[in-house]
Amino acid sequence: MHTTRVLSIALHNPSDETDPDARVARNLDNVLALLGQADTYDPDFVCFPELCLHHATRGDGLLEDVAEPIPGPATDAVGELARELDSYVFLPMYERNGDRLHNAVAFVGRDGEVVDTYRKVAPTHHEVNGGITPGSEVPAWETAFGTVSALVCWDAQYPEIGRYMAQQGVDLVFFPTLGTADLHLRNRVRYHGYHVAMCDKHGAQVYRPTGDVVARNGGWNNPKVRDLDLGGGEARFSFARVNTDCGAYHRGGGFEWARDLQREYGGSVVVHAYNDEGVFVIESVDDDLSLADLEAEFPEMTPMCDYEDEARQTARAAADRSPLLPMYEDR
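Numbering-wise, the sequence shown is residues 81 to 411 according to the numbering used here.
Quick caveat, the hints were computed from the structure, so don't treat them as lab data.
Just so you know, not all the hints are guaranteed correct.
[As the list claims (entries may be wrong)] Cβ pair distances, simulated, as ranges:
hint: 1; residue 1: W300; residue 2: P403; range: 15 to 23 Å
hint: 2; residue 1: R306; residue 2: L404; range: 48 to 56 Å
hint: 3; residue 1: A397; residue 2: H205; range: 29 to 37 Å
All of these numbers come straight from a predicted model, not from anything done at the bench.
We put the CB at the ideal spot given by N, CA and C, even for glycine.
Kindly generate the complete structure, drawing on both the sequences and the hints.
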């Protein structure tokens with residue numbers, strides 16, 4: 081069992097300030113103010129929505145003016161509070177990377193330093209025509225609370241990105257967005273066996289690998305932050321405790337291995353069986369037992385992504401042409 085504390089913050093920054101520097105400064109002040117209240121949740125991770133630092137400037141022709149380097153002034157300011165919280169923070173923003181501009185997420189570590197940057201790999205054609213360069217990597221970061229990764233908005237439309245995360249053993253995906261293109265992820269989490277924490281301007285929630293939604297907070301009538309002056313903006317907190325020692329496995333030729341696992345470990349594991357989909361979602365609820373231990377003992381426990389990739393490779397090798405996508409590393 082591996083309990084992880086996740087705080088997703090829905091933040092809609094105001095857009096009435098016409099000066100871009102003043103607007104971005106206010107956006108950052110709002111981010112810092114919300115981080116200042118995050119200690120009541122004792123989070124391991126905090127995530128803000130897509131472009132929370134700059135999204136009020138989207139479509140205003142201000143991209144060149146507001147984009148910042150990573151690391152830079154904004155990540156330095158957020159890093160100070162991340163260090164005080166002893167928490168990882170995902171800060172979405174426009175990034176200036178040499179002569180390129182990205183829709184990016186700065187992954188700030190518990191020590192206040194930038195761990196890495198995720199750059200949206202599937203920006204829309206409007207974004208690309210407006211000057212955004214797509215990213216080329218989908219990193220997976222090892223942390224004390226599991227392996228984590230990130231998607232941004234339109235990235236969620238592409239199943240190969242989610243499959244690649246599963247190949248890397250990701251336990252928890254953070255999904256900042258400006259829209260609500262998250263239903264695809266809700267369907268995929270059971271198949272891939274990871275959690276997804278999403279937040280947009282008006283709501284936030286977490287999808288478990290069973291497909292259940294936890295910690296939902298969104299909509300006009302749900303709780304908002306009332307005791308902070310956000311300059312006309314609004315925010316909501318969504319907090320969840322999740323078990324990242326959880327995975328999705330193909331049922332194999334039968335149920336024998338799952339029966340043996342339950343017989344031997346009983347209340348140390350929870351097995352969610354989805355026979356129609358041929359999937360077992362299994363989680364360890366014992367601090368002294370990990371899924372890695374179980375996989376070593378029960379070689380029939382095949383992660384869904386491994387089973388899928390084996391079938392994919394077999395089909396592609398046996399056919400002159402195949403519509404199946406190649407493995408990521410084969411491209």
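Given the hint of 48 to 56 Å, is the C-beta distance from R306 to L404 inside that range or not? holds, 51 Å
Distance restraint evaluation - A397, H205, Cβ atoms, bounds 29 to 37 Å: holds, 34 Å
Given a hint of 15 to 23 Å, does the C-beta separation of W300 and P403 actually sit inside it? violated, 43 Å
Checked against the numbered hints listed earlier, the structure breaks hint 1 alone; every other hint is satisfied.
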